[in-house]
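Number of protein chains: 6
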Amino acid sequence: MLPKDFLEALSQKHTKSNTFPSTSAVKELFTDIMLTLFPEQTQRHYGCLDELQEAFDQIELRLTRLLRSMQKHLDEDARILATNYIQKLPEIYRVLLTDVQATLLGDPAAQSEYEVIRAYPGFYAIAFYRLAHALYEMNVPMLPRILTEYAHSKTGIDIHPGADIDEYFMIDHGTGVVVGETTTIGKHVKLYQGVTLGALSVSKEMASLKRHPTIEDHVVIYSGATILGGETVVGAHSIIGGNVWLTRSVPPQTKIYHQEQVKILN
Amino acid sequence: MLPKDFLEALSQKHTKSNTFPSTSAVKELFTDIMLTLFPEQTQRHYGCLDELQEAFDQIELRLTRLLRSMQKHLDEDARILATNYIQKLPEIYRVLLTDVQATLLGDPAAQSEYEVIRAYPGFYAIAFYRLAHALYEMNVPMLPRILTEYAHSKTGIDIHPGADIDEYFMIDHGTGVVVGETTTIGKHVKLYQGVTLGALSVSKEMASLKRHPTIEDHVVIYSGATILGGETVVGAHSIIGGNVWLTRSVPPQTKIYHQEQVKILN
Amino acid sequence: MLPKDFLEALSQKHTKSNTFPSTSAVKELFTDIMLTLFPEQTQRHYGCLDELQEAFDQIELRLTRLLRSMQKHLDEDARILATNYIQKLPEIYRVLLTDVQATLLGDPAAQSEYEVIRAYPGFYAIAFYRLAHALYEMNVPMLPRILTEYAHSKTGIDIHPGADIDEYFMIDHGTGVVVGETTTIGKHVKLYQGVTLGALSVSKEMASLKRHPTIEDHVVIYSGATILGGETVVGAHSIIGGNVWLTRSVPPQTKIYHQEQVKILN
Amino acid sequence: MLPKDFLEALSQKHTKSNTFPSTSAVKELFTDIMLTLFPEQTQRHYGCLDELQEAFDQIELRLTRLLRSMQKHLDEDARILATNYIQKLPEIYRVLLTDVQATLLGDPAAQSEYEVIRAYPGFYAIAFYRLAHALYEMNVPMLPRILTEYAHSKTGIDIHPGADIDEYFMIDHGTGVVVGETTTIGKHVKLYQGVTLGALSVSKEMASLKRHPTIEDHVVIYSGATILGGETVVGAHSIIGGNVWLTRSVPPQTKIYHQEQVKILN
Amino acid sequence: MLPKDFLEALSQKHTKSNTFPSTSAVKELFTDIMLTLFPEQTQRHYGCLDELQEAFDQIELRLTRLLRSMQKHLDEDARILATNYIQKLPEIYRVLLTDVQATLLGDPAAQSEYEVIRAYPGFYAIAFYRLAHALYEMNVPMLPRILTEYAHSKTGIDIHPGADIDEYFMIDHGTGVVVGETTTIGKHVKLYQGVTLGALSVSKEMASLKRHPTIEDHVVIYSGATILGGETVVGAHSIIGGNVWLTRSVPPQTKIYHQEQVKILN
Amino acid sequence: MLPKDFLEALSQKHTKSNTFPSTSAVKELFTDIMLTLFPEQTQRHYGCLDELQEAFDQIELRLTRLLRSMQKHLDEDARILATNYIQKLPEIYRVLLTDVQATLLGDPAAQSEYEVIRAYPGFYAIAFYRLAHALYEMNVPMLPRILTEYAHSKTGIDIHPGADIDEYFMIDHGTGVVVGETTTIGKHVKLYQGVTLGALSVSKEMASLKRHPTIEDHVVIYSGATILGGETVVGAHSIIGGNVWLTRSVPPQTKIYHQEQVKILN
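Protein chains in written order, with the numbering used here: chain A, 1 to 266; chain B, 1 to 266; chain C, 1 to 266; chain D, 1 to 266; chain E, 1 to 266; chain F, 1 to 266.
Worth flagging that the hints you see were computed from the coordinates, not collected in a lab.
Check before you lean on any hint, since a few could be wrong.
Same chains, same names: a pair is fine if it fits in one copy or spans any two.
[What the hints assert, rightly or not] Calculated cross-link-like contacts (lysine-lysine; reagent style BS3-like; alpha-carbon spacing at most 30 Å):
no. : residue 1 : residue 2
1   : K16       : K210
2   : K72       : K255
3   : K187      : K72
4   : K187      : K263
5   : K255      : K88
6   : K154      : K27
7   : K16       : K72
8   : K263      : K13
9   : K210      : K88
10  : K72       : K4
11  : K27       : K88
12  : K88       : K16
13  : K13       : K88
14  : K263      : K16
15  : K27       : K263
16  : K263      : K154
Values in this document were obtained by computation on a predicted structure and should not be read as measured data.
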């Protein structure tokens, strides 16, 4: 027999009913949204406009039901939120196609849009981020985070749903990338594996401030670079070299490289 | 037809029966333990103390059967080990609640205990580590490693089940974290992504020695820092900056930062 | 109702039939190949040579059917390719056993071949790489990348199927490792977590050139090291220290360490 | 190798695409309709009117999509048919509750409505018949038959979806019951296992005529009785005994028993 | 939108929580009991006494939890009932082996005990009846009926869990067999397909009386025979011919045959 | 604790390894054979002759492996038997198409070949019988019976795999049909629900004799008729009426009807 106080403490948690949907229900719905937008990833296709519209109608209803189950955490009626969300999909789709384009142009190994959509973890993580961000903007709690953590688990790329990321975004390889909640990223930005866009300080009082950097258009940030702080701005067309550690702003067109100090014994 | 010597070599392995349980059986049981301890992660709740006690009784029996199938690798009877293990759950649970607390206080973005339990990979990896460590302490082979590798696969956080980690432990983002087998970590320690607590030398003869560092209470280690060696001690209340490479001890209250050398072209 | 032009654009993609197999079909087949070669990972064993040969015959046919469904992307008849692929399995198997051996000898914590095969993500990633590389050499498109990305997703280790890696290869911990498409790696090479073997430039015109480094025999590369460029050669028996950033060749027997510059405040 | 003419004949069938939905998709949707109408059979409940309405909205859309996939076999647009079908559910539900009532009153062993809904194959077969009949009336081909055959397979009760059956219908035990396409059954009719309401002649020319009997209100037909022919009318309040073979009409209030001729040797 | 009164009526049912376990949970547990008692039906075997005892311990706990979820319908504590039930399994098993024996001896086509256990629907239905009857005797509601209806659905054999059936019982083919709630069957009785042991009257007031016949030892009842009435006794060693309709008692050793009246036109 | 002698008796059965394949493996393979021969029942089609041939090659290998697992019960090598079996499929297919034709012509309600294949339990049971009979003829034990019992469970139609049934065979409705092991059925025979073609005596000594009737060409047997005995021959073009009980031969062209004796009270 286990101690009664342990069981009683646990029992209190068990008897509170869970007012958020299960992770698997969230994953399943948003994976289906992905597969409807990117049929490259599946064998199940829709043959005509009616079928496609009805597929989205069904997605809208499944989202309504998901949101309905957490209605008390929402600002508006579940159905209205779901309808609004679906209306955002064409724009999300348009932006995701720019992301595909960015990867295709930016990686010598990429051979086709099809390959980017099928096999690039960077694209996968960005897609889930964009789907999550739209929920985040509607003040839906928990769900955005569940979505980006799902993508994090599959790709090692951790983009907070609150980040603000413009079009033509690309992440190559991507394992270890961290993009913080209040990060702002412009157009045509490219990140490599292990890049951190993080906070300098993590005191709880700062929760409502901009704690993460701003990356302007056409910036490239190589693997392992770390850029920290809410007031740090990386000017447009800059290149941040691998392993660079940056905690202050740099003007546009900056090229900054990690100056290696090594000791050689041979 | 494949070469006969290939088939014969393979056949020898196939005819040896597998004396360890399948990975999926291990994952399934310990995931159920997680869901019983943290009903936040599931929709399946237990309504009364009897049900809860019986849920643990069933877990005990499932563990007995898992261990029974590998009895010949164990120091004690499967049933006794299983019973002992279940008796440890209340303490594991207590400590995990301190870990939740640490994350809630340590991450400005975290909004509730519920969110930490539901959506933080750091908590997930720590929880599997603590469940695995308790098996490791009972000299159960293979299983602890299977558990921590499962969490590693989901989170990118690789904590060896042999590490010794005290309460109020927190890992943020976490991808790329490595905590070696003989690491010792005090209370209120916080790690960020990409931190390695590793060995300096990896010669086989050292297998039984302490090869990994000691981190005292209230230490914070920022992203990408690497701390190596069994005699390296990071004193209490120290802060190890991002990307720092440390192979010797530092006294309490040390703040050590990576001094960036960069070349700027703009 | 969603905008008609959005639906029409999407509909065009949906009506093109998918001429590559589903990711789940690919994963399932190659996982079964893994489990047939390494029965340590499963409870399903084959009792006699006939059964084993027939298991491979069935794998050959399943591969034929997978390839048949993408015949128009192939240089040769699906059946011939599948037969050739199966004939390569004994050699792939032989090399993978050297990789197991390398890990067993190279990690003090590893206790048996069985443990390496069951619980080391490095081995898992290498095994999928070797299976994918054999397809890559037969000019089968998409599939090799799907396989290595699957392993990437599970392990955080991203090895391009085009890389050329000799026997006795070992990766420890592994999260964040990136090995580029034109990398060449000799025998007895050991990588730790976070190592990048990458390209210096990523312009599209370079797609057909050697863009990634050459690592000769018996080299060890510690965690977080980055080695870039198609003309960079790391000579045999060299040791590249953790966090080293290397963009030029080093002769054999070189030991190169990251010279830490730190600022200490205590 | 199989004969080429066999493969070619088969190939012709394989290349015709299937313009009816899969049996499993049909079963799944209508099982969900059942579970929404009769939550006694499931653990998944809907907490409020909104959720319930949205559950039906989703059912309507799933039905739309099922019908859309077979649009070319339909008289009307899939969406209109689906909407009309859902509008019929309240009436189908009302009638099914009368059937539950009839069983509860007519079987001494039945203890509650709950038990009838959970555990009576007769009720299950009638429910699927009523759901199928509403589709049949809308000239939807194949689906009604797939539904009643599914129920037949589970219960041994074979009711053609074309039969016309009024409220308070009850079947006890039911295995072997056959109710033909043009059968008419009044209110408060009760059938036992093995009852056939069939055709006398089965020539193809009769396909469009009434070939099966009419059973008026308050008739009881005991096990193994066979009633045949489109002009056969069993008058109201009649009782047809077990094993009776009837091919002509009987007036109301008739009680007809099988007169056993037995040979006894003892 | 569906009519509000319909939704409201339905909503009342949905908000009542279901206090009986799901059919699938019941089926799964008792199927596992079957497979533990008759490993002939499965590939999962237990290697030693400890494993076997622990398998039953786990079954006991799973039954406890099933019963716990319906505690308010039970006379005693779920755990006590479950323990008592498991204690009955050895006797149920002993009797089932006599049933196997009876089939093996009674069907010329049966070739081994193994075949009877693997492939005879009669044995399957009897086994589920015996497992259900033991619950019925403990006044557990609903579950016994769910079990026998499950077997009915698979075999077409409908044995009420309340029937009282002695050892060496055999049913051949079986489709259409009905055995009523208050039937009593002696040792060494053999039934063929389509046999009904039923009630003469079905008025609700008779619910608590013996409404179904008594069949004494060593009786054979051929296909399609119907025996009705609570006072009808078929004496030991009697043979009831196919299609016989019997509503009164016959003394021991009776042989009664259906005297066919046929009209021949040729 | 359960009694030791019970556990020991059971343990003996558990430690004997099961030398027949699991029922689910058998069902799965033969269901796939069905779906390959009758793509009407599935959405998975094969596009070209190569794919079709390879589908059969895979079926052949799966059958080889199934048979290999029970090699010690077979007269010949598993691979040879499997190859021979596949060679029989074109003829089985040809005959099954005659059965479809017979149903289409013989049931006024049948509207297309497609409907017969999709929704007629009679066709389903015949198809499984024909697939099982071909195994039976090769002296493969257990499997044929497992297949026909599977169809029995789904349709209520129990055809012994040993029966000898010629082409253009049709069963309508079918629940309760029993066709015994040594039955012989000619061309163009039609059975309705509840027909038994059985044995007169069931003594074990008769196991190797013809115990079941012979039905010549163009015979129709209506619902509930019973025909018994190994020497009973129903001459060609005869019609056996519903509920007829026949234990002796009738010449060709016979029409025999059950002469109902009824007692009417009205």
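30 Å Cα threshold - placement of K88 relative to K13: The answer is between: 20 Å across copies meets 30 Å, while 37 Å in one copy does not.
Status of K263 relative to K187 across identical chains (alpha carbons, at most 30 Å): between (39 Å within a copy, 26 Å between copies)
Intra- versus inter-subunit Cα pairing at 30 Å for K16 with K210: Neither: 35 Å inside a copy, 45 Å across copies.
Identical-chain pair category, K263 with K13, by Cα at 30 Å: neither (56 Å within a copy, 47 Å between copies)
Same-copy or cross-copy closeness of K72 to K255 [CA-CA at most 30 Å]: Neither: 50 Å inside a copy, 45 Å across copies.
Homo-oligomer pair classification [K88, K210; C-alpha up to 30 Å]: within (26 Å within a copy, 43 Å between copies)
Within, between, both or neither: K27, K263 at alpha-carbon 30 Å: Neither: 49 Å inside a chain and 44 Å across chains, both beyond 30 Å.
Homo-oligomer pair classification [K27, K154; C-alpha up to 30 Å]: Both: 12 Å inside a chain and 15 Å across chains, each within 30 Å.
K255 and K88: within-copy, between-copy, both or neither at 30 Å Cα: neither (37 Å within a copy, 47 Å between copies)
Intra/inter-copy verdict for K263 and K154 if alpha-carbon distance must be at most 30 Å: Classified as neither; 38 Å inside a copy, 35 Å across copies.
Within, between, both or neither: K72, K4 at alpha-carbon 30 Å: This pair counts as between: shortest inter-copy Cα distance 23 Å, intra-copy 33 Å.
Intra- versus inter-subunit Cα pairing at 30 Å for K187 with K72: Classified as neither; 37 Å inside a copy, 37 Å across copies.
In summary, the structure is inconsistent with hints 1, 2, 3, 5, 8, 14, 15, 16 from the numbered list given earlier, while agreeing with the others.
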